[in-house]
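**Student:** Positions 1 to 203 (my numbering) are the ones given, in order, by the sequence shown.
In case anyone wonders, no lab produced these hints; they're calculated from the structure. A few of these clues could be false.
Claimed, not checked - The list that follows gives simulated cross-link-like pairs (lysine-lysine, DSS-like), each with its CA atoms no further than 27 Å apart:
1. K194 / K115
2. K194 / K162
3. K16 / K194
4. K180 / K115
5. K180 / K162
6. K194 / K180
7. K194 / K174
8. K174 / K115
9. K174 / K78
10. K16 / K72
11. K115 / K78
12. K162 / K174
13. K162 / K115
14. K16 / K78
Stated by the list, open to error - Cβ pair distances, simulated, as ranges:
15. G146 / G124: 45 to 51 Å
16. T52 / M184: 21 to 27 Å
17. T145 / Y17: 19 to 25 Å
18. R147 / Q91: 40 to 46 Å
19. T153 / R188: 17 to 23 Å
20. F163 / H76: 20 to 26 Å
21. F163 / D10: 22 to 28 Å
22. A143 / Q91: 39 to 45 Å
23. P123 / M184: 22 to 28 Å
Backbone N, C-alpha and C define an ideal beta-carbon position, used for all residues, glycine too.
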Amino acid sequence: MTEYQYRDADPTHANKYLWPVLRSVINARDWPQRRAFDLGCGNGATCNMLSTLDFDVVGIDTSESGIANAQKAYPHVKTRVGNAYDDLASQYGTFPLVVSLEVIEHCMDPQAFAKSFFSLIAPGGIGFLSTPYHGYLKNLALAVTGRMDRHFTALWLGGHVKFFSMETLDQLLKEEGANKINFMRVGRIPVLAKSMVAVVSDE
């Protein structure tokens with residue numbers, strides 16, 4: 001497996017449009033227990049952001065460089081090297097909030113990833129998952145402007161291997177146990193959105 005390399009613990013460009021949506025979802029709910037799990041936490045930047053909202057956060061990622069940067073920059077957050085395909089719930093328990101930002105598109109087995117994601121959500125909790133958005137008009141715009149190669153990043157080691165539409169992500173999440181899914185498109189106007197967010201719950 002090729003490691004996704006991190007040079008620092010700074011927020012990524014995607015955090016600029018994903019974090020405001022995540023904060024709004026958090027602020028819209030009451031949290032008797034402010035505990036969160038970041039599945040595929042990368043360099044720990046989102047874990048740190050959640051800790052500023054008074055969450056006790058655990059994060060795992062396969063990237064050793066990401067976790068090394070996270071542990072150096074954010075020692076107050078629990079970050080560990082780990083694999084999303086492992087039985088994480090037996091190791092860490094369940095959490096009222098489970099977050100995974102821009103991770104599932106890197107996974108060769110998104111079904112196993114989704115199973116792990118759902119296993120970590122406590123009864124009554126929510127999951128917040130994002131991935132790059134693909135839809136007919138956006139794909140058409142990419143083709144017309146000659147940006148398909150840049151978008152699909154075929155030569156990016158550790159890059160994207162799965163490309164979801166809202167329909168395919170909805171099907172995957174429902175097949176793996178989602179009861180209620182609320183979709184949002186973020187970054188740019190909706191038809192050209194950079195990413196989509198799925199907020200899942202058992203309500």
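**Student:** I'd like to know which numbered hints this structure contradicts. Please list them from smallest to largest.
**Tutor:** Failing hints, ascending: 9, 20.
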